[in-house]
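A.B. asks: Using the sequences and the hints, build the whole thing.
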Amino acid sequence: MTDLLATPAGWPRILLARSDAADPTDLDAAVRAGAFDGLKKAARDLGATAVIAEVAASRLKGRGGAGFPTGEKWRLAAASDAPRRYVVANGYEADPSTFTDRTLLERDPFAVIEGALIAAFAIGAGEAIIAVRAEETELVRRLEAAVGAAEEAGFAGSDILGTGLDITLSIRPVAGAYLLGEETILLKALEGKRCQPEQRPPHPAERGLFGMPTVVQNVQTLALVPWIVAHGAAAFAALGASDSPGTVLVQVRTPGGEGIAEVPLGTPLREIVGLGGALPAGRSVKALLVGGPSGGLLPAEALDTPYEFDALRAAGAHVGSGSVVLVDDRACIVDLARLLTRFCSGEACGKTIPCRIGTRRLVEIADRAVDGRSSPSDSTRLLDLAHDIVASALCDHERLTTLPLGSGMRYFRSELDEHFLRGTCPAGVCQPIAVTAGAVQ
Amino acid sequence: MSFVPGLGIVRGMALTLRRFFEPKVTIKYPEQRAEVAPKFRGRLQLLYDEWGTLKCETCFQCAQACPIECIDMGGIDTRGRYHVHWGPPETYGERREESALRRSGRTVPDQAYEHFEPLDLHSIDAILEEHDHDPKRMLRIMEDVQGVYGYLPVGALKRISETTGAWYAMLYGTASFYGHLRLEPEGAARGGMASDEAATRRPTEAAFRSDLDAALVGRTPGDRPGAPAQA
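Same order as they appear, the protein sequences are chains A and B.
Mapping the first sequence onto numbering that gives the first Met the number 0, position 64 (from 1) lands on 63, and the numbers just tick up by one.
Mapping the second sequence onto numbering that gives the first Met the number 0, position 160 (from 1) lands on 159, and the numbers just tick up by one.
Simulated from the structure, these hints should not be mistaken for laboratory data.
From the three backbone atoms N, C-alpha and C, an ideal C-beta is built for every residue, glycine too.
Keep in mind that a hint or two might mislead.
Unchecked claim - With a straight-line Cα cutoff of 27 Å, these simulated BS3-like cross-link-like pairs (lysine-lysine) come out:
| no. | chain 1 | residue 1 | chain 2 | residue 2 |
| --- | --- | --- | --- | --- |
| 1 | A | K350 | B | K135 |
| 2 | A | K350 | A | K192 |
| 3 | B | K135 | A | K192 |
| 4 | B | K23 | B | K38 |
| 5 | B | K38 | B | K27 |
Said to hold, decoys possible - For the chain B half of the interface with chain A, some residues (derived, Cβ under 10 Å), not all of them:
| no. | residue |
| --- | --- |
| 6 | P134 |
| 7 | R136 |
| 8 | A174 |
| 9 | S175 |
| 10 | G178 |
| 11 | H179 |
| 12 | T203 |
| 13 | F207 |
| 14 | R208 |
| 15 | L211 |
C.D. replies: What follows is the structure in structure tokens.
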């Protein structure tokens, strides 16, 4: 279990409100702490349309990384004419070095369960599926226990809270690919198929799992929903940034420490990395890696950027997996970007050629730079290739795979040019560190 | 061998003149298009690159796109395993028939697979029975089959395809996509690649984590191409 970081007292705690419970799967204790209040209010007092209106009014955005407005998605799914609908909670944490979703599912499974039930109630779905990593066998077991307890208490299953509502809740372990974090790909995995992304529209909210309207939400998004329903949209909209309110879990990693914190959206990156602890003496901030393996490398000057969907995208990064890594001056940007690009490229599904072959060529350019075999045209080649991949991309994975090297070119051009033009590494990481002048054509 | 001097050149020029006034076969493609039968699809051909190796990556996209399953990966060897088998157009009809039979749930023998090792199919059949032969549960069927054999043998995939009616091409696509499913016994080369090459192409999550740790403190990960794979 990754540690939680202490946050300033003024910061709201919604996702981690019940995180210090002795046994997170103890339903009675959770109910005493306010679990399932939102579901009761939704099912007994509000009704489906009012719940969707409330979520839309809260301006909640999906926490899966792309930041799509949740209310709009639900409205779309509820309006689609279909015999069945599904809710899928995406708890498949694709980034191998981030554990925010797992932490949430471990520490407060009932918030996610309640959120999934409210979503299913709002759009009229009969089935809600929580997809988690199959590697986490202990987590799967605990979630199944939590679902069982909720069913026994009448919160899930048939005749929920005596209202005659039936919602089947199930846990589905999935495994085997980084891309499962993408919604259309996760749906393919739940259908038992080979995973390749689909052209959108139609959005999964109109045609998703087994061709039925499906709301796919990150587990964090769903865990926020009960709070919104119980406390009202206005209270939620007042938290965090004005156009993307609320909180989000961030995994902070600095040389001084690592842990997970619940952060209001719009908090400057400086405060977020500050949670991880101070830099050791003699080290300086070189870059920030924001967004996981496909994240952007931001310079130290970007420390005042608010942690929020639009601002990060404008800066050349993204919320992504919710990881913020402070890179100090020991690391080499080219070496780091190559590592990230190679991981993303290796996970390409192979559907589109720019992704399957183009990203591999990106890795080769970076490999040459690291080995000191670059040709001077490699920098323009990298920019051209990255541009073409983004322009012809089918899914976000493909687009974002260019981000580590692309943002590196944007902010750390001089360091990259040292590699491309002179075959040297200012950080002294890449080998061979210096190539004789004759080797560079 | 003519007795009349100059007859050879006259004959030659006569041919030239005759061709000169005949209708031309060259067309200004792509402004003009040749007339072809509506069902003409051209001949399937795998191309070789400049080093003489097949360009085919056995991605099965062609087989998945073919509506009547006339393209399939069968026989032997692009990377030691598969090969597109194609035939003259008249055999397309047969393949379409096979395809129809397979989709109606009947068992269709495929000679191209006869050289693969015979398997004891009882455990596969039991797994299929347990999952109701339902293609929607394919991932779990494959995971269970892998649990029995340790990997997914070609014969097992073929059996799953025959009994569930799912296209073999789709099954191969699924099996090769997920990192935890494997088509060779553990330790064997993956897809004809040496295992360290495969690890470089698609690093495992653990390898990614340790490489990231190394890169952040300025140590070069020892996994670059040419370097020995990490333990």
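A.B. asks: Against this structure, judge whether each hint is valid.
C.D. replies: Hints versus structure:
1. A:K350 with B:K135: 21 Å, holds
2. A:K350 with A:K192: Answer holds: A:K350 to A:K192 is near 14 Å, not above 27 Å.
3. B:K135 with A:K192: 8 Å, holds
4. B:K23 with B:K38: 25 Å, holds
5. B:K38 with B:K27: With Cα atoms ~23 Å apart, B:K38 and B:K27 stay inside 27 Å; holds.
6. P134: 7 Å, holds
7. R136: Nearest chain A Cβ about 5 Å off; hint holds.
8. A174: Since chain A brings a Cβ to about 8 Å from B:A174, closer than 10 Å, the hint holds.
9. S175: 8 Å, holds
10. G178: 4 Å, holds
11. H179: Nearest chain A Cβ about 4 Å off; hint holds.
12. T203: The hint holds - B:T203 has a Cβ within 10 Å of chain A, the shortest such distance being about 9 Å.
13. F207: 5 Å, holds
14. R208: 5 Å, holds
15. L211: 6 Å, holds
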